[in-house]
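Trainee: Given next are the chains, with one letter for each unit.
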Amino acid sequence: MNYNIIHRTIYEYTAPVTVSHHVARLEPRATATQTQEQFSLKIFPEPALRRGRTDYFGNKLCLFSVQKVHSHLEILTQSRVAVHLKNPPAYENPTAWDEAAKLFRDPVSPEVVEPYQFIFDSPMIRASLELSDYARESFGKDTPLIEGAKDLTRRIFTDFKYDPKATTIATPLEEVLQKRRGVCQDFAHLGIAFLRSLGLPARYVSGYLRTHPPEGKPRLVGADASHAWFSIFCPGTGWVDFDPTNNVQTGIDHITVAYGRDFGDVSPVAGILTGGGQHVVKVSVDVEAV
Amino acid sequence: MFQSQSQSATSAASDLKPVAPAGLLSGYKPVGGLFDEWLAADGSPRGHYAKLLGTLGEFSAAEMEQHAETCRRLIHEQGITYNVYGDPRGMERPWQMDPIPLVIAPDEWRKLEIGLIQRATLLNKILADCYGNQDLIRSRWLSPALVFAQPDFLRPCHNIRQPNGNFLHFYAADLARSPDGQWWVVSDRTQIPTGAGYALANRLITSRLLPEPFRDNHVQRLAGFFRTAQNTLAQLAPRPSENTRVVMLTPGPHNETYFEQSYLARYLGYMLVEGQDLTVRDNHVWLKTLSGLERVDVILRRVDEDFCDPLELRNDSMLGVPGLVEAVRAGNVTVANALGSGLLQSPAFLSFLPGLCRHLLGEELKLPSVATWWCGQKSAQKHVLEHLDKLIVKPAFRAFSYNANVEKLFSHAQRDELKRRIEFDPDLFAAQERVQFSTAPSWDKGAIVPRPVELRVYLVANGDGFCVMPGGLTRVSPDSSQHFTSLQRGGSSKDTWVTSETPVEEITLLQSSQQNVELRRTGNNLPSRLADNFFWLGRYSERADATARLLRSALLRFNPERTGSALALLAPLLQTLQTQGQLSEVLEHAALCRNAEAFEAELLGAIFDAAHAGSLREIVDHLQRLAMFVRDRTSNDMWRVISSLNDRLALPTNNSVLLVGDAVVTLNETLLGLAAFHGLARENMTRAQAWRFLDMGLRLERAIYLGTLLDATLQSPEADNPSVLEAVLDVADSSITYRSRYTLLPHIPAVFDLVLLDDKNPRSVLFQIEQLIQHFSHLPLERDADLPESGKNILQECRNRLIKTDTRELASLKNNWHASLVGEVIQATLADLPKISDAIAAAYFAHSTISRTGRENA
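First to last, the sequence lines map onto chains F and G.
Counting from 1, position 255 in the first sequence corresponds to residue 255 in the numbering used here; the numbering is continuous, with no gaps.
Counting from 1, position 696 in the second sequence corresponds to residue 696 in the numbering used here; the numbering is continuous, with no gaps.
In short, the hints are calculated from the structure, not lab data.
Any given hint could turn out to be false.
Simulated crosslink set (DSS-like; lysine-lysine; CA at most 27 Å straight-line) [as the list claims (entries may be wrong)]:
| # | chain 1 | residue 1 | chain 2 | residue 2 |
| --- | --- | --- | --- | --- |
| 1 | G | Lys378 | F | Lys102 |
| 2 | F | Lys68 | F | Lys42 |
| 3 | G | Lys419 | F | Lys141 |
| 4 | G | Lys378 | F | Lys141 |
| 5 | G | Lys390 | G | Lys419 |
| 6 | G | Lys804 | G | Lys760 |
| 7 | F | Lys165 | F | Lys179 |
| 8 | G | Lys394 | F | Lys102 |
Keep in mind the model is a prediction, meaning the values are calculated, not measured.
All chains should be modelled from the sequences, with the hints used to inform the complete structure.
Mentor: Set out below in structure tokens:
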């Protein structure tokens with residue numbers, strides 16, 4: 001499936017900004033099931049400086065600085081991505097979860113160092129015994145890793161309510177756990193925290209989800225949004241993605257942009273401003289199948 | 001080279017006749033089972049202590065106590081402090097120092113040096129690998145969890161190249177000596193090795209306190225170490241330049257070692273800056289000064305690495321410089337120590353060092369670490385769980401911020417809970433053997449006694465190697481319990497003397513006069529934040545002066561025995577104090593007569609009560625805080641004067657015995673202190689921007705107080721009463737001038753002419769305005785040409801208004817003085833003065849606030 005994605009982020013500031021520095025992670029990376037064919041990033045006003053770089057996890061990022069006084073900033077990306085059918089055998093990998101976890105106990109083989117990095121606490125996610133207790137209900141003795149992850153995805157979907165008003169990007173995981181409410185970012189963090197608490201590596205994926213309009217209705221341009229889910233390392237297969245917000249394993253509707261330990265590693269746009277007062281942000285995403 | 005020296009060296013000190021315990025030393029008994037730095041196990045004294053203890057041994061207890069007292073006084077005078085977080089009694093604590101130094105023999109020191117240099121070299125190589133190819137992980141020399149689980153492994157800093165491959169420009173190690181005499185490393189300080197400045201401060205004190213033993217022992221000097229540090233930092237500059245700008249980045253005056261930061265910045269000749277003083281433009285770092293941006297080449301960092309850049313590191317940091325990491329990555333600025341060097345501060349690394357040393361350097365580790373087990377290794381975890389009672393369990397890594405209070409777990413000693421946590425997340429725990437410290441002679445409560453000591457030593461990168469500071473910061477445990485909780489809880493420090501066989505060379509940090517010097521008449525440009533602080537320093541110093549004068553006049557004129565009519569004469573003074581916030585309310589005339597005692601208490605409260613907003617004590621507190629902010633830009637004398645002001649106003653223990661007479665004495669002393677401060681400012685500060693802003697603050701504040709007093713006088717129905725006018729002259733310090741000019745009793749037009757309009761009188765309102773106009777004409781205009789102009793215009797108007805005023809008008813009035821033309825001019829001037837302050841702030845101090853944008857998420 002080929003996609004044309006337009007992602008527009010607009011900041012309106014109540015006071016003039018004299019200098020701003022930003023990091024954008026908006027360029028879809030290549031994965032085993034996805035190729036990026038085209039990408040453009042436009043910024044208004046034109047930044048004084050703009051540098052591209054690959055981060056520690058291999059994500060493409062763009063650092064830019066706007067040095068003239070402005071009270072409006074617009075970031076517009078256009079991506080063309082081809083998503084190939086996910087490989088079905090991944091879901092039939094019979095490896096038991098406890099076998100997989102054993103790989104990551106001392107001494108850890110240098111061969112699995114890459115996934116191993118995603119097993120540790122990260123700034124926004126901290127493993128705990130409580131989290132591990134919750135997760136264990138999905139991971140009985142000898143449960144295949146993939147089956148356990150599927151069940152965990154389902155439980156997050158049913159036990160937690162989608163509620164955009166309940167949390168912000170700063171809400172700690174403990175609070176999400178207590179309130180049982182949140183958005184895709186929180187659910188992805190939850191899944192990762194559960195898996196890490198069991199001693200399994202898991203990572204955070206940011207991207208887009210193609211939405212299907214209701215039967216007989218036209219597709220609304222710009223009504224899509226950026227999305228997030230989690231990914232689990234399955235020995236022998238590699239990383240397998242699950243979307244707890246929609247209770248699905250990711251398929252051709254999911255387009256990956258970046259991955260990292262948690263949201264903090266892949267935040268699509270982050271900025272530090274001098275001046276600016278209050279700001280309002282407007283985001284519109286359009287995922288068009290072509 | 002070091003080795004050949006140490007082989008040929010025979011300690012000159014050990015040839016000396018050792019000192020037999022006598023006098024103050026006769027009661028000295030080493031703690032059984034511990035190494036004592038002075039007495040060997042058989043009770044025989046070690047030679048290298050002979051000269052020092054030979055001197056001290058002859059002292060009487062009283063003489064020794066006098067020494068300790070001098071030591072405390074020097075610390076107080078120089079304002080050597082240590083900040084204690086979250087202490088309601090105020091943060092600043094005087095630095096604690098034991099007057100008896102720790103002495104280390106030269107041959108022993110050489111061995112330590114070799115071990116330390118090897119260790120620093122090794123740590124630097126490990127850092128280079130972790131932030132580069134990570135071969136050590138791939139080849140199993142390092143457990144991956146040790147790097148990846150650490151909050152201090154800064155992923156954005158991975159693959160940033162360091163000049164000369166140097167990550168560790170400064171390094172410190174905490175050392176302890178075990179009963180067999182072996183030195184052990186307790187911990188490595190690789191992030192921000194603090195304390196070298198305190199070691200220097202201690203040295204300046206002991207060299208004054210014990211000049212003879214200091215000279216006779218050939219104590220090695222510390223200055224050479226700091227000179228090497230200067231050279232090392234200068235060479236880190238990305239562009240070769242004559243005028244490399246090195247700045248020291250501080251988290252601010254509330255940091256626990258702020259004193260040390262300002263002390264070192266001044267000693268090394270660097271500007272002390274906060275994150276908000278710097279900005280990144282065009283991928284370079286710049287200093288914001290009054291006349292524009294100036295390029296920064298090297299940042300000596302005292303801000304924790306993860307707080308250094310809110311853009312790429314911790315985004316909740318208010319201490320950093322947005323865009324710094326990218327500027328470093330581009331090679332446009334160098335940060336020392338390198339961002340990410342804190343990685344090796346984890347105790348978990350200690351157990352890997354012997355293997356890594358063999359692997360990376362092909363040598364055995366010369367200076368061993370205290371036995372440490374990191375639970376991330378299965379065998380170590382087993383050992384720790386089996387020996388929990390004998391070991392000290394520590395967090396292996398600095399916790400993620402929200403994961404604080406892990407330490408509670410250790411102190412609350414819930415063994416089972418701890419066990420469960422270790423088993424659940426073993427990577428996060430390490431355990432160490434209990435360290436045994438050696439003891440050294442220390443002065444404590446009238447006796448020389450053995451006290452446990454821990455030694456922190458300092459290294460600085462020097463070309464391809466490292467240079468060790470010959471000395472260090474010795475920490476002393478307050479009792480023999482061997483706990484070094486921290487200097488925050490009663491611990492003390494010692495100077496550390498590394499002696500030499502031969503006389504030592506004097507070293508100065510100043511560059512040799514052989515070099516060509518480019519003559520300069522202006523100093524470094526003043527950062528805007530400092531200009532702000534100087535301005536307010538000026539304002540508060542004058543506020544203190546005016547308040548003290550008003551209160552003194554009021555107290556001297558207040559007599560509870562006298563009848564009500566005399567009290568009315570105080571009205572203008574009290575009104576002024578009320579308008580300016582020193583008195584909460586002016587008692588009604590009638591109430592005043594009834595309750596003289598309450599009124600007296602109110603006046604005394606306005607002097608001494610620190611909790612009373614606007615009191616003299618509070619103003620002086622504020623003044624001292626401002627002085628601390630500009631500590632690295634003012635002389636020691638200025639600091640001393642201000643801190644003694646505060647001492648004087650500290651309340652005598654019992655409030656009730658305070659007499660009006662005592663209060664007047666205190667006010668007199670305070671005024672003398674302030675005169676000394678203003679005299680130092682006037683005579684000792686170059687006429688550069690710092691002085692200019694200080695003086696502008698002073699002039700503005702003086703104009704405000706004088707204006708308010710004159711206004712209050714005109715409001716009084718007794719404005720022409722010679723007693724009232726006498727008080728005005730007194731407050732304006734113009735009585736002598738008045739008497740020399742007029743042989744009359746104070747007469748209203750003459751007094752107002754002298755205090756309002758006489759441009760030769762440095763205590764007149766017009767004089768202040770003229771001075772401010774002068775200052776404005778010297779201010780840089782580059783910022784926003786508009787703003788200073790508006791301030792200048794206001795001042796010109798004030799001046800024109802005053803010049804045209806004629807006070808003879810007042811002579812013809814019998815009452816309603818306030819409505820006179822003179823009264824209107826005074827009121828208009830008073831309305832204009834705050835606008836001038838605002839104009840200055842807007843033009844020069846606008847610290848643009850930074851904010852961050854996150855992003856709403858689906």
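Trainee: Work down the list of hints and note, for each, if the structure agrees.
Mentor: Structure-based check of all given hints:
no., hint, result
1, Lys378/G to Lys102/F, "13 Å, holds"
2, Lys68/F to Lys42/F, "17 Å, holds"
3, Lys419/G to Lys141/F, "24 Å, holds"
4, Lys378/G to Lys141/F, "23 Å, holds"
5, Lys390/G to Lys419/G, "14 Å, holds"
6, Lys804/G to Lys760/G, "16 Å, holds"
7, Lys165/F to Lys179/F, "12 Å, holds"
8, Lys394/G to Lys102/F, "26 Å, holds"
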